[in-house]
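One letter stands for each residue in the lines below.
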Amino acid sequence: MAANDAPERENYLTASYGVRSWLLTTDHKRIAILYLISITLMFFIGGFFATMIRLELLTPPGDLMTSDTYNKMFTMHGIVMIFFFLIPSIPAVLGNFFIPMMLGAKDLAFPRINLLSWYIYTISAFMILYVILTGGVDTGWTFYTPFSTTFSNTHVLLAGIAVFINGFSSILTGLNFIVTTHRMRAPGLTWGRMQLFVWSLYATSVIQVLGTPVLAITLVLVALERAFHIGIFNPAVGGDPVLFQHLFWFYSHPAVYIMILPSMAVISEVVPCFARKRIFGYTFVALSSIAIAVFGFLVWAHHMFVAGMSLYAALVFSLLSYFVAVPSAVKVFNWTATMYKGQVSSHTPMLYAFGFIGLFTMGGLTGLYLAALGIDVHVTDTYFVVAHFHFIMVGGAVMGYLAGIHYWWPKMTGRMYPEVWGKIAAAVVFFGFVLTFLPQFVLGYLGMPRRYHAYAPEFQVLNVLSTAGASILALGYLMPLIYLLWSLRYGEEAGPNPWSSAGLEWKTASPPPTYNFEQTPVVTWEAYNYEDYPQEVPVGR
Amino acid sequence: MPEHSEHVVPKKTYYLVGAALIALMVLTAILSRVPMPGELNTLIALTIAGIKALLVLLFFMHLKYEKPPLNAVVLFAGLFWLVLLMGLSMTDYPFRAIFGVPGH
Amino acid sequence: MADSPAIAAEHAVAEQALRHHFANMEQQRESSTLGMWLFLVTEIMFFGGLFAAYMIYRHLYPGAWATGSEHMSFWLGTLNTTILLCSSLLVALSVHAVQEGESKKTAWLLLFTILMGAAFLGIKAVEYHAHYVEGAVPGRWWHLHDVPDPAHVQMFFILYFVMTGLHALHVTIGLVLLGVIAYKANKLAYTPEYHNPVEVSGLYWHFVDLVWIFLYPMLYLVARTHTG
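Residue numbers (the numbering used here), protein chains in the order written: chain A, -7 to 533; chain B, 43 to 146; chain C, 347 to 574.
Think of the hints as simulated: they come from the structure by calculation, not from any bench.
Every value quoted in this text rests on a predicted model; they were computed, and no experiment measured them.
Cβ atoms here follow ideal geometry from the backbone N, Cα and C, with glycine treated the same way.
Cross-link-like lysine-lysine pairs, in silico, DSSO-like; alpha carbons within 27 Å at most:
id : chain 1 : residue 1 : chain 2 : residue 2
1  : C       : 451       : B       : 53
2  : A       : 415       : A       : 269
3  : A       : 333       : A       : 415
4  : B       : 54        : C       : 451
5  : A       : 499       : A       : 269
6  : C       : 450       : B       : 54
7  : B       : 109       : B       : 53
8  : B       : 53        : C       : 533
9  : B       : 106       : B       : 53
10 : A       : 269       : A       : 333
11 : B       : 109       : B       : 54
12 : B       : 106       : B       : 54
13 : C       : 530       : B       : 53
14 : C       : 451       : C       : 533
15 : B       : 106       : C       : 451
16 : C       : 450       : C       : 533
17 : C       : 450       : C       : 530
18 : C       : 451       : C       : 530
19 : C       : 450       : B       : 53
Selected chain C positions facing chain A (Cβ under 8 Å, derived; list incomplete):
id : residue
20 : 367
21 : 376
22 : 377
23 : 380
24 : 392
25 : 394
26 : 395
27 : 396
28 : 398
29 : 402
30 : 403
31 : 406
32 : 407
33 : 484
34 : 485
Here are the simulated distance ranges between beta carbons:
id : chain 1 : residue 1 : chain 2 : residue 2 : range
35 : C       : 491       : A       : 118       : 41 to 47 Å
36 : B       : 121       : A       : 183       : 21 to 27 Å
37 : B       : 57        : A       : 180       : 41 to 47 Å
38 : C       : 491       : A       : 437       : 50 to 56 Å
39 : B       : 142       : A       : 219       : 32 to 38 Å
40 : B       : 64        : C       : 486       : 36 to 42 Å
This is chain A alone, in the form it adopts within the complex (with noise of 0.2 Å):
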């Protein structure tokens, strides 16, 4: 086929055209795509509020903002790039796009409550920008009693609900995939010969339907302490702040796991498909997936050390803090393991699949400094915990986002990437996140702390060198929507398989027909069969 002919069968994109086709779509894969646009606007707008962060805090006095605006500018921050962005972007965009095709199955188990889930988060994603455009919120994302719910001035209300209403989309997306990958494996393909993926995707579906709905009755006893008073929080009628931070951290610190996990995932398909060779230890793989999917429920009190909680309990949840770190790491030997041997290439979704494990090797290893209580009480609060939650959300997470959007590209669109430029975009985000969050290591365990819109003079260059890096990292954010934008039209028409990849989802046309394959695959191979495939990926690429 000559590189420029229109592709001549029909796919998911033409199966129809208009609006109301796309909006009332079923289709796992126009769903996944609408997700794909929702969330990189939340992105960017996300974006800009760490832009004002980062510009406030080139100086030392709280000189561009009050210190009110400045709570609003990280409270936004937090609330959009976490329930508007980490949270739905792999598993909405790339899960929904890929589970079905990686179970041989010709959709989720439930289609329309998929696009109902794209709606409820659409709708709470129009709440959030009106509570932005009205003033915004001021709590933190952390909305701590009893700032929230008795004495802040701006719209807790609003975006309480909005967040609500953005967590049945979770859970929803986590129960399809859950009962779809129990219910709807093609012939053959045992749970053992599943790729890694959808392991991983189903371990945070697990969370998200067993940690999103405390998030969700957390935030009814917040509106209801606003609205009508009844102050379960309230200490004047016997309430505990400290309880709502339990029934907080119960699901948010899973919903960390949430945000990495398919992260993780992305990286073990990127890896033994580049490296060219069967992942090392998958069951190991595998298994881990739901270790931290368990263990990660048992820590959540490692954010409430100084909180006023017992030393007891202090105890009991650093320990099992050091315990979750382990499932973590045995994916990252077995990934670098590998690799080992194997013949590595450089192609764009390797590049974002090496500065992942990098960084979130480093994230979560700082994660161990920060569960051992005689650290964590010095630098808690500090800019040392926003560098490790970035290391591994931003090293982490959206690198592999990054890397699974350039790996499946070529089977969502059809057309290849600009490697020169993807090469480029993802050595200008490494360079940039380095530079953005670094300094911000040194600059907690100085004392620097978070939340605060001015700092001592002392901590200026740092955060100059940080605030420089953002501008990098975000130059580096904008290349691939550029380029990605670009390849919609000029890009390279890509073959069914151009990695040369063992997935079953290679196995059909790029861009996929509505029902995935043309005839229900039978599977009687184990994952990862490399060794079954050509040496080398393609040429040229």
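Since the structure of chain A is provided, determine the placement of chains B and C on it from the hints.
Just chains B and C now, with coordinates in the frame of chain A:
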């Protein structure tokens, strides 16, 4: 069309379970009036509630009859997670007085 | 040999109900049931946050919990428990009926269930009104002062109202859901081959009953030993 594998629970089983549920309710109501040492009243009330719940789950909600028991695993996972929430929270409150609260 | 018209009609119902992405009706049925169980697990965790708060505050304020529970109407609570338990039996029987091809009987049984659910809500309204009159509604309507430790007794009532209020909301949703199913059962939309909506709606209703099975002793039977 092949017969689906669904099990039809006899009506008699349902009536027996219903009667047992009412009987257990009466029992718990009566026992709540009987003074007992310590927290025994609470423990007994919750145990009876647990038995009632088990009857509803196993018979009315068919968990006893489904093979393989995936739905039962799902349900008990949910209950276990609730126990996790409640249990681990209780490493805090009862121990504040005993071990102290850091910083206070 | 051709099926009789009645059996052919039943097959047609099942065929029409099969969604195109499923391989067969069994896969659809099992998926639907698993989906409902997962949803019920989310409900367990949703109520679970309240159960955790209840447990913590009861641990902290046992006396106030005893006082609060004494202000509950033991008889109305017991009556409501009886109503819900019987309604669960009716729902179980309604599933049995449709499994045996008696779709109209299903509709009647569900109708009675709805009436019982409505009675439950009516009794709760009576209770809520009584609490309102005595000043036990928390927040700005609280004026129950002639009790020991009124601040913490208010916390009991906060949990009482939030838990039973949320439960009553779920009962209401259940009544609407059962209403839709009853209507369709009456129109013979369900057959022995295809009646999964009846089953999963039943599961939802049983869940609502399950929550109440725990709320009853937790709210009505605390420290009743000295109330005679």
